[in-house]
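Read off the chains here:
There are 4 protein chains.
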Amino acid sequence: MKERQLNDDELQNLINEVEPYANKGEVAEYIPALARANKTDVAAAVYTVDGRVFQGGTYGHTFTLQSISKVLSLALVLDERGEEEVFSNVGMEPSGDPYYSISKLEFSNPTKPYNPMINAGALAITDLLPGRSKERKLANFIDYVRQLAGNNRIEYNKNVADSEFQTSFLNRSLLYYMKQFGVIGGKVEDIIDLYTKQCAVEIDCLQLARIGAVFSLNGKDPEKGTQLISERTASICKTFMVTCGMYNASGEFAIKVGVPAKSGVSGGIMAVVPNRFGIGIYGPALDDRGNSIAGWKLLQKMNERYAFSIF
Amino acid sequence: MKERQLNDDELQNLINEVEPYANKGEVAEYIPALARANKTDVAAAVYTVDGRVFQGGTYGHTFTLQSISKVLSLALVLDERGEEEVFSNVGMEPSGDPYYSISKLEFSNPTKPYNPMINAGALAITDLLPGRSKERKLANFIDYVRQLAGNNRIEYNKNVADSEFQTSFLNRSLLYYMKQFGVIGGKVEDIIDLYTKQCAVEIDCLQLARIGAVFSLNGKDPEKGTQLISERTASICKTFMVTCGMYNASGEFAIKVGVPAKSGVSGGIMAVVPNRFGIGIYGPALDDRGNSIAGWKLLQKMNERYAFSIF
Amino acid sequence: MKERQLNDDELQNLINEVEPYANKGEVAEYIPALARANKTDVAAAVYTVDGRVFQGGTYGHTFTLQSISKVLSLALVLDERGEEEVFSNVGMEPSGDPYYSISKLEFSNPTKPYNPMINAGALAITDLLPGRSKERKLANFIDYVRQLAGNNRIEYNKNVADSEFQTSFLNRSLLYYMKQFGVIGGKVEDIIDLYTKQCAVEIDCLQLARIGAVFSLNGKDPEKGTQLISERTASICKTFMVTCGMYNASGEFAIKVGVPAKSGVSGGIMAVVPNRFGIGIYGPALDDRGNSIAGWKLLQKMNERYAFSIF
Amino acid sequence: MKERQLNDDELQNLINEVEPYANKGEVAEYIPALARANKTDVAAAVYTVDGRVFQGGTYGHTFTLQSISKVLSLALVLDERGEEEVFSNVGMEPSGDPYYSISKLEFSNPTKPYNPMINAGALAITDLLPGRSKERKLANFIDYVRQLAGNNRIEYNKNVADSEFQTSFLNRSLLYYMKQFGVIGGKVEDIIDLYTKQCAVEIDCLQLARIGAVFSLNGKDPEKGTQLISERTASICKTFMVTCGMYNASGEFAIKVGVPAKSGVSGGIMAVVPNRFGIGIYGPALDDRGNSIAGWKLLQKMNERYAFSIF
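Chains as they are written, first to last, in full-length UniProt numbering: chain A, 1 to 311; chain B, 1 to 311; chain C, 1 to 311; chain D, 1 to 311.
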């Protein structure tokens, strides 16, 4: 098994190789709380399916899930509501457009977000979170993340959530557009409130790697063996991570790395190596399509070393 | 002078000819208050530059300005703020798209509504109405309409405004999109509040014809001779009425009728025959592009009779 | 009459004022034959409806019609085939897009060019030119231009036509797209051959001004008084010149100058001041939307002096 | 191993289950030669990596590769020219648009087809086929297919190629658009000639299954063990088959079936179950996105039975 060779030193060496790339990227500026990130940070953790853990770089810091939360809310909603209801509201096709794009909504008939990984689709999924109130929905989502990450103290960062809530104009635009055509049922301000908090859930690389490991194990808790996500839902989520998990660079990532992965503008990436391990990465310097520039490079190098592409 | 032949009977005859078309159209359904209109109503008034008045059809009823208000807010804002400021926020080009379209905003760089007659542009103009508060801005707008229409009791219809305020999801989507890119400065809910009230100003055909006469006279009050709108602003407004006043049928209207005109989904049309007369029409049955179906036909027949195309 | 003040000296003075703008523009590079034009040339001619003629600048040179030919082929086809046939193939709406755009074709249903002034529409009109063969169609078109310009020696420039024929890839793309959806009936290579020759017809400012005078007189020959273009067709052409004659700056031109006009990438502009005069301009330095930069400025200054806006 | 259960009878049973779906689809009408296909035909073959073969349905008939050829020309060109050259001309992202779409080309800057599975991208790949003449390029392509399919008599169908050549207006439109922006170097008519012949290569289900088996084996010939396609190229091709192999239903197919697959409008589908088997399907009745309706269902049922999704 190639994983035998994987250890803290190996991981650190690979991180050392990719650290210089961070200088070529830019920290997300449009959310004030994210703009304060340390651009040169690069950290990674690996959580193997048999429970071993490796870490390297500037690990230990927390960061917010941002778009990584899209795949977790999707998993929760799929298990709660079933494929039929979910896919009557949101499509399954990659769009080729930036995550914030609204034109495809206008050109689609009936109006339907292309997939749950672009903002329009993710907002429609958030609208479907289980719970009678937005407080209840948020609590359910955070509980879910805690279970997946194996940590009961995970919380959302109030400052980041507030900051995004104040400036989420594009997301409100998408929501009102969908409201007009009946794609969402809830109130726009409630969904924005919930979505910004969902995106602001704080996590560290190791916790993220553990969530990745759950997906690696087709939904099973790597410690207890319990089924946290149904097999079918885990499979669907991995599919979306491949076809549209890395923004409008997903196709390129599939070719160059080839594992299910989801990134966020905070600089986080969760990658899933089926039946082997989950990976959590943090590197806030982003490339021009919104992915952690060093994180992408690190995954490419790991794939060269450990040959984990599913293709 | 051909106007010599214009009188109440002539106008009534033409209205009789076009009344049957009303059955082929549909009353706007998306605003509950508009859906209650009497589909077969057709009314028209002509106000000549020398102050004579002709009326025919089911005149006397009031209706709301809806999109016709776009040209009045534009006139007010142009005279208050000047061309430079206005056109740094809103473009001058017809778009060929439906009035509610958002894609062109996404494809334009920098983000800028194509013109002040589509909803995006009209909302940006409303944001520029003079006044320190939304109440003051509304009062200024209503005062302005009163002066143009020569009637001090003009008011907005609270029911229609409320009804639209509840359902203006697309306009909120446009506003948040523009907010993201700095096209508007005010608060979205304030602008929506103001815009729905501006659209809900109630008027009758004769008052609308009188406003048309003001534009016919390059901005002069047809009774007092005072300059209500500057000549330059009146000229700009007439230009926009020709290039984009009749939704995405403006090009066809220019070819088939050929005078500056602005329509609204309430079924109103204001037409301007330069130096001759203004026309106010009400016919709530709309064609598939949102123009009064009988109103359009009436203007075509009037042009055949009175040869008023400017082309 | 303000025209009394118009004379060669006045025109020369205005040209002197706008000449410096030529340095801010660029000569069209994509057609090799056009790229050799003298960037600082500015010339203009005025042809009044009573037959007087004024000229200024570097007049006397010939240039090719390019897109100005679109309005002449439209006139010929409208008079030969009637509105119904023409407008079943081509629309009447300004599009807001660049003249070479293909997306609007894809988004329209059924497939139909928005108007006859964008390339797609102009190519569909060329397909309808009267004549049994492409040679006959071309001869008919050139005869028509000769009549309008009052000069029997007008010919097309073979070098320019050849040069464009070799490089008309975008126009072929538009034609094949329309061929797929039945918008055109003829062979693509025949239409390209014909269209490039139509665009390459050579003319000078004075001839162009005379054609403008024909439109000023609603289709009448300014010397003989014969009806060269039917009144209705002349009116339709003037309408299109206002709504879409100056590429995707037509709206702005209508506001800033306000007369029917058509420009070409050779740097020519034909402007029509109804019932007063036609204007022919040549200034090959173009602005970023394809209009003669000095020509546009000259028309703005002439409008300030002679107040000829129709709005 | 689940494949133990796979045999001719099992396959026939599954085909029997999906045959009724053929009545809900439609045979491609736009290519006359395809319109004559027998709508109710359903055939399938499986070629295991250890050389066993199973067949069912109306097998034995040949059909043309159509879009399935896109993945074979890509493989050949990637191995001949390398990733760098190929991806400087063609992108790696799924587009979400129909395969014939041209708008994305207009909106991309620089102009570049989104991926090699839509027509624009496939045509650009055909332009890169190795060989000094179009005859040589075609010969090389056919040789390549023969090797992959293990049959030296494979040829293209001249009638189908001629029929498509006459009617390939959209593809010519795409090619001229790309020619304008330097995406292709060859002559449009040469590329069309080559592309229509490439699409018209005739094959049967078993041959197609064998090609699938080559991809299953990461490029190895299942009989001789020689490397027909490099591992890297086979991996890239499988990735594109997942992200964009089933037209604009690729995302849905990935979720519902989950293996690399490529379909064609002839009704063929090649599917690849990594390290297990290749599948060749023929069912000319298509769904509204251009995929064999019974073929899709058959793959869904096979996945339920043999659990071959890679996700």
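Think of the hints as simulated: they come from the structure by calculation, not from any bench.
Fair warning: this is a prediction, and the values are worked out from it, not measured in the lab.
The reader is advised that the hints may include incorrect statements.
For chains that are exact copies, the list does not tell them apart, and a pair is met inside one copy or across any two.
[As the list claims (entries may be wrong)] With a Cα cut of at most 16 Å, we get these calculated EDC-like pairs of lysine to aspartate or glutamate: (1) K39 / E202; (2) K256 / E84; (3) K158 / D79; (4) K256 / E231; (5) K256 / E83.
Now the hints, each set against the structure:
1. K39 / E202: Neither way: K39 and E202 sit 18 Å apart in one copy and 56 Å across, limit 16 Å.
2. K256 / E84: between (33 Å within a copy, 12 Å between copies)
3. K158 / D79: neither (28 Å within a copy, 46 Å between copies)
4. K256 / E231: For K256 and E231, the Cα distance is within 16 Å only across copies (13 Å; inside one copy 26 Å).
5. K256 / E83: Close across copies (11 Å), not inside one copy (30 Å); limit 16 Å.
When each numbered hint is compared with the structure, violations occur for hints 1 and 3.
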